[in-house]
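Peer 1: Residue numbers (our numbering), protein chains in the order written: chain A, 1 to 505; chain D, 1 to 332.
FYI, nobody ran anything at the bench for these hints, they're computed from the structure. Computed from a prediction, not measured in an experiment: that's the story for all the values here. Cβ coordinates follow ideal geometry from the N, Cα and C atoms, glycine included. Some hints could be false.
Computed list of lysine-lysine pairs in DSS-like fashion (alpha-carbon distance at most 30 Å, straight line) [as the list claims (entries may be wrong)]:
| no. | chain 1 | residue 1 | chain 2 | residue 2 |
| --- | --- | --- | --- | --- |
| 1 | A | Lys192 | A | Lys222 |
| 2 | D | Lys3 | A | Lys373 |
| 3 | A | Lys324 | A | Lys313 |
| 4 | D | Lys3 | A | Lys313 |
| 5 | A | Lys379 | D | Lys203 |
| 6 | D | Lys203 | A | Lys424 |
| 7 | A | Lys382 | D | Lys3 |
| 8 | A | Lys222 | A | Lys440 |
| 9 | A | Lys124 | A | Lys222 |
| 10 | A | Lys424 | A | Lys313 |
| 11 | D | Lys3 | A | Lys379 |
| 12 | A | Lys192 | A | Lys132 |
| 13 | A | Lys313 | A | Lys382 |
| 14 | A | Lys440 | A | Lys373 |
| 15 | D | Lys3 | D | Lys203 |
| 16 | A | Lys379 | A | Lys424 |
| 17 | D | Lys203 | A | Lys373 |
| 18 | A | Lys424 | A | Lys394 |
| 19 | A | Lys115 | A | Lys132 |
| 20 | A | Lys64 | A | Lys192 |
| 21 | A | Lys278 | A | Lys313 |
| 22 | A | Lys382 | A | Lys394 |
| 23 | A | Lys394 | D | Lys203 |
Among the chain D residues that face chain A by a calculated CB cut under 7 Å, a handful are [as the list claims (entries may be wrong)]:
| no. | residue |
| --- | --- |
| 24 | Leu108 |
| 25 | Ala187 |
| 26 | Asn191 |
| 27 | Ala198 |
| 28 | Met322 |
Sample of chain D residues lacking proximity to chain A, with all beta carbon distances greater than 10 Å (derived) [stated by the list, open to error]:
| no. | residue |
| --- | --- |
| 29 | Leu121 |
| 30 | Leu144 |
| 31 | Asn152 |
| 32 | Ala194 |
| 33 | Phe307 |
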Amino acid sequence: MNNAPLLEMEGISKRFPGVVALDQVDLTVGEGEVVALIGENGAGKSTLMRILGGATARDGGTIKINGAPVEINSPRDAASYRIEFIHQELSVLDNLDVAANIFLRREPTFGGPLKLIDRRRIYKEADVLVRKLGLDISSRTTLNRLSIAQQQLVEIARALSAGARIIIMDEPTSSLTLTETRRLLDIVHDLKSQNVSVIYISHRLHEVEEIADRAVVLRDGKNAGVLQRSEINRERMVRMMVGRDLKDFFTGAPEGVYATPDGEGFAVRRLRTLRYPKHTISFSIGRGEVLGFAGLVGAGRSEMARAIFGVEKAHEAEVGLDGKTLRITGPRDAISHGIYLIPEDRRQCGLIVDFNVRENISLPNLDAYSSAKIINRAKETKAALDACKAINIKTPTPEMRAANLSGGNQQKVVLARWLSFAPKLLIFDEPTRGIDVGAKAEIYQLIRNLAANGVSVIVISSEMEEVLGISDRIAVMHEGRLTGILNRSQFSEEAVMRLATGTEG
Amino acid sequence: MKKELGIFVLLILLCVITSIINPNFLLAINLQNIGRQIGAFGIFSIGLGLVIITGGIELSVGSMMGLLGVLLSMMLTEWHVGIVVALIACVAIAMLLDLGHGLLITRLNMQPFIVTLCGLLFYRGVARFVSNDETKGFGTAAGLDFLRFLANGNPFGIPMPFLLLIVISLITWVVLHRSVYGRYLFATGRNPEAARYAGINTKGIITLTYVICGALTAISGIIFAFYTNSVSPANHGNAYELYGIAAAVLGGCSLRGGEGSVVGIVIGTALLQVLRNLVNLLDIPSSLDFAVMGAVILVGVMADQIFTERRNRRQIALMREMSAREAQSQSS
Chain A
1 MNNAPLLEME GISKRFPGVV ALDQVDLTVG EGEVVALIGE NGAGKSTLMR ILGGATARDG
61 GTIKINGAPV EINSPRDAAS YRIEFIHQEL SVLDNLDVAA NIFLRREPTF GGPLKLIDRR
121 RIYKEADVLV RKLGLDISSR TTLNRLSIAQ QQLVEIARAL SAGARIIIMD EPTSSLTLTE
181 TRRLLDIVHD LKSQNVSVIY ISHRLHEVEE IADRAVVLRD GKNAGVLQRS EINRERMVRM
241 MVGRDLKDFF TGAPEGVYAT PDGEGFAVRR LRTLRYPKHT ISFSIGRGEV LGFAGLVGAG
301 RSEMARAIFG VEKAHEAEVG LDGKTLRITG PRDAISHGIY LIPEDRRQCG LIVDFNVREN
361 ISLPNLDAYS SAKIINRAKE TKAALDACKA INIKTPTPEM RAANLSGGNQ QKVVLARWLS
421 FAPKLLIFDE PTRGIDVGAK AEIYQLIRNL AANGVSVIVI SSEMEEVLGI SDRIAVMHEG
481 RLTGILNRSQ FSEEAVMRLA TGTEG
Chain D
1 MKKELGIFVL LILLCVITSI INPNFLLAIN LQNIGRQIGA FGIFSIGLGL VIITGGIELS
61 VGSMMGLLGV LLSMMLTEWH VGIVVALIAC VAIAMLLDLG HGLLITRLNM QPFIVTLCGL
121 LFYRGVARFV SNDETKGFGT AAGLDFLRFL ANGNPFGIPM PFLLLIVISL ITWVVLHRSV
181 YGRYLFATGR NPEAARYAGI NTKGIITLTY VICGALTAIS GIIFAFYTNS VSPANHGNAY
241 ELYGIAAAVL GGCSLRGGEG SVVGIVIGTA LLQVLRNLVN LLDIPSSLDF AVMGAVILVG
301 VMADQIFTER RNRRQIALMR EMSAREAQSQ SS
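Isolated chain A, as found in the complex (with noise of 0.2 Å):
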């Protein structure tokens, strides 16, 4: 046995078009040891993942097993040296069921070369496996039939039915619900007495305070420290992890600025979505302000806003503006009224992502640059030079595919098709999610300007930092239930976790 930890990477770079996501990150990971990777969105946590999992390639660095230089090129390289990845998405077939997801390309199989899959082998392993992680389920159930936790412990057994030395968690924990949380996080300590490594990225600083042996910081792309179990605490990460004064970054409305006008702006009224109908929620936006919405993932922010939006059906949903109520049974009466969506999933629903950027921004005002429906084609690449210079999307030419551009500038095509419509409420559904910190900042400034043209604006984020630094007034919601709105008075960290887990109110 030589004394070499597991997993040693060491100057790992990498440089993708126009950043450099990771510069000399070095990582080591001892047998049974459990090494929480922590920092801001866009520090590279993932990105050097991905690489140890072999989805990515580095452009710099070694990478050591048990001290000896290995090349992982593939998922399969990185399955080969047992480790495994639990992605944030799930990674799972749902059409499948337990047995046949667990074993994927592991099958065993009878009869040579037809290759027939042993079932009755696979479905009574399976059973073992999904019943010593404490699932109470049949492993011949379809995995759309199960709850996420359920379909990520899946995962969990597959990933300990291929013998992984090295488990790697992307947010585990971020869509599941307390009592969940908490079985996940015995099944780590599990894990670690089984000498199997886990590396664990988390938001949730509580969860890293209770279960790492080591916590290392990145931050911009760099190894920003490390904390031994004994010195971790929330304090230090975030100290470590921010590394630079947040004030700089947020602009926020003076204290008593905003006070809640209620015949001004807008209102809404006893909204019950699909996902949640026993919950109603109610609520007002003034004139100017920035209304925050936080909550963890799935508390039904994302849904609230489709349904102002009109672009979801609900059971019920009133949105008034100063007193008169407004009929919204599609996205278009929304626009019509100025309410509009720059939703969570950009290139899914924000993009036309093979359109190109003149094409994305005029689009939804294709009538404004046209004369008896016919398109002014000088008119259109105007205005969309016009957006671009406007709030600084960068591209070459408004005429490169949309899908070609920066998660930032993209962002900021959607932002510039609704601007031209002059918007009297925009909603903002995560609107930093997978951008860079220069873009972040940018749009946090233009939220800030949409609102002192007297915009209002709501800002669904799962971001700490950016819901308190951007809002005037915070509105928490948790499975479904508003359960608080914050003045910027009672604005803390600390106050928003105990309204968003349910524990107060």
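Given chain A, work out where chain D should sit, using these hints.
Peer 2: Just chain D now, with coordinates in the frame of chain A:
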């Protein structure tokens, strides 16, 4: 535009080669014949192409033309309906049937392939039933000169269906490539979800497109009926939907939707008809007819795929260059 250029070059090349090997290709009568075919096939192919751009498909056009042919000849020769009424009835029936397709697809979320496959079977059956499976025709019936002229006339030596195709393709070109409707159609075909978020009435757009396809199918159907002058209910228009799909795909339409052009569809139709003619003139066994067509379509679509990827790589390179320049100017 570049996309259409490739297939246009292929078309010219085929014409040149054919006329070198067999100069009869250039005889006025042969060219007129090809032109007539291009016109008749091109009109409904444009409609089918528009449907393909929505991400859908319309398999029933052939059967529908069979049904329309049977009904038209029965209306004119047996039921003695006025010409204008008969023509309007034809177009209206086709538009109504396709409205039905559009509604089934958008309101009940049925798959276009299945809805129109059922149409293909159903209309063929109805055509055979109403005609008692007897071949119908116009024979030498009087008073139909205008309609015969529409199918067989050659004003200024140019076949009438070809002229009609030019007029129709000009109109549809403006609609598809210059109008708001066209842009919405591309958006809907590309990504219906994002189109909905942009406030586009995607269901309305899709339904309208099927109705337009119905109208163009009816026009082609009328031309074919008078071109063949007799309509056999079991065969008239058989497999024409495949010619339409092939023309659209050759012309750059993607079956995934959101891609295609009127010019491409017209050139695609022309290429197919020239190919059919070429098989005749070059003494290729006519049994190979379909094999030749299949091979050419395959090669054409393959080449198009390669060019598209290359173009996209160029754009990505341009993007890289820009960010590199920016990084440089920031560091200096």
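Peer 1: If a hint holds in the structure, say so; if it does not, say that too.
Peer 2: Comparing the hints with the structure gives:
For the given pair, lysine 192 of chain A sits about 27 Å from lysine 222 of chain A by alpha-carbon distance, which is consistent with the 30 Å threshold. A threshold of 30 Å between alpha carbons decides the hint, and for lysine 3 of chain D with lysine 373 of chain A the separation of about 26 Å falls inside it, so the pair holds. Taking the CA atoms of lysine 324 of chain A and lysine 313 of chain A, the gap is near 21 Å; set against the 30 Å cutoff, the hint holds. The suggested pairing of lysine 3 of chain D with lysine 313 of chain A is violated, with an alpha-carbon distance near 41 Å, which exceeds 30 Å.
Distance restraint check for lysine 379 of chain A and lysine 203 of chain D: the Cα-Cα separation of roughly 28 Å lies within the 30 Å cut-off, and the hinted pair is therefore satisfied. For the proposed pair lysine 203 of chain D and lysine 424 of chain A, the alpha carbon gap of about 27 Å is at most 30 Å, so the pair holds. Note on lysine 382 of chain A and lysine 3 of chain D: the hinted pairing holds, with a Cα-Cα distance of about 26 Å set against a maximum of 30 Å. This hinted pair checks out: lysine 222 of chain A and lysine 440 of chain A have alpha carbons roughly 19 Å apart, not beyond 30 Å.
The suggested pairing of lysine 124 of chain A with lysine 222 of chain A is violated, with an alpha-carbon distance near 46 Å, which exceeds 30 Å. With a CA separation close to 22 Å, the supplied pair lysine 424 of chain A and lysine 313 of chain A stays within the 30 Å bound. Distance restraint check for lysine 3 of chain D and lysine 379 of chain A: the Cα-Cα separation of roughly 26 Å lies within the 30 Å cut-off, and the hinted pair is therefore satisfied. A distance of roughly 15 Å separates the Cα atoms of lysine 192 of chain A and lysine 132 of chain A; the hinted pair therefore holds under the 30 Å criterion.
With a C-alpha separation of about 36 Å, the suggested pairing of lysine 313 of chain A with lysine 382 of chain A is violated against the 30 Å cut-off. Under the criterion of a C-alpha separation no larger than 30 Å, the hint pairing lysine 440 of chain A with lysine 373 of chain A is inconsistent with the structure, at around 37 Å. A distance of roughly 29 Å separates the Cα atoms of lysine 3 of chain D and lysine 203 of chain D; the hinted pair therefore holds under the 30 Å criterion. With a C-alpha separation of about 24 Å, the suggested pairing of lysine 379 of chain A with lysine 424 of chain A holds against the 30 Å cut-off.
Restraint check: the Cα-Cα separation between lysine 203 of chain D and lysine 373 of chain A comes to about 19 Å, which is no more than 30 Å; the hinted pair holds. Simply put, lysine 424 of chain A and lysine 394 of chain A have alpha-carbon atoms about 26 Å apart, close enough for the 30 Å limit, and the pair holds. With a C-alpha separation of about 29 Å, the suggested pairing of lysine 115 of chain A with lysine 132 of chain A holds against the 30 Å cut-off. Distance check on the hinted pair: lysine 64 of chain A and lysine 192 of chain A sit about 21 Å apart at the alpha-carbon level, within 30 Å; holds.
A threshold of 30 Å between alpha carbons decides the hint, and for lysine 278 of chain A with lysine 313 of chain A the separation of about 15 Å falls inside it, so the pair holds. At roughly 16 Å between alpha-carbon atoms, lysine 382 of chain A and lysine 394 of chain A fall within 30 Å of each other, so this suggested pair holds. At roughly 34 Å between alpha-carbon atoms, lysine 394 of chain A and lysine 203 of chain D are farther apart than 30 Å, so this suggested pair is violated. Residue-level restraint check for leucine 108 of chain D is violated (minimum Cβ-Cβ distance to chain A is 17 Å; threshold 7 Å).
Taken as an interface hint, alanine 187 of chain D checks out: its beta carbon lies about 6 Å from the nearest beta carbon of chain A, inside 7 Å. Hint status for asparagine 191 of chain D relative to chain A: holds, with the closest Cβ pair at about 5 Å, below 7 Å. Taken as an interface hint, alanine 198 of chain D checks out: its beta carbon lies about 4 Å from the nearest beta carbon of chain A, inside 7 Å. A distance limit of 7 Å between C-beta atoms decides the matter here; for methionine 322 of chain D the minimum to chain A is near 5 Å, and the interface restraint holds.
In this structure leucine 121 of chain D is separated from chain A by more than 10 Å, as the shortest Cβ-Cβ distance comes to about 30 Å. Its beta-carbon lying about 37 Å from the closest one in chain A, leucine 144 of chain D satisfies the requirement of being farther than 10 Å from that chain. At roughly 35 Å from the closest C-beta of chain A, the C-beta of asparagine 152 of chain D stays outside 10 Å, upholding its exclusion from the interface. Not every C-beta of chain A lies more than 10 Å from that of alanine 194 of chain D, the closest at about 5 Å, which undercuts listing it as non-interface.
The Cβ of phenylalanine 307 of chain D lies farther than 10 Å from every Cβ of chain A, with a closest approach of about 15 Å, so its non-interface assignment holds.
Of the numbered hints listed earlier, those contradicted by the structure are 4, 9, 13, 14, 23, 24, 32.
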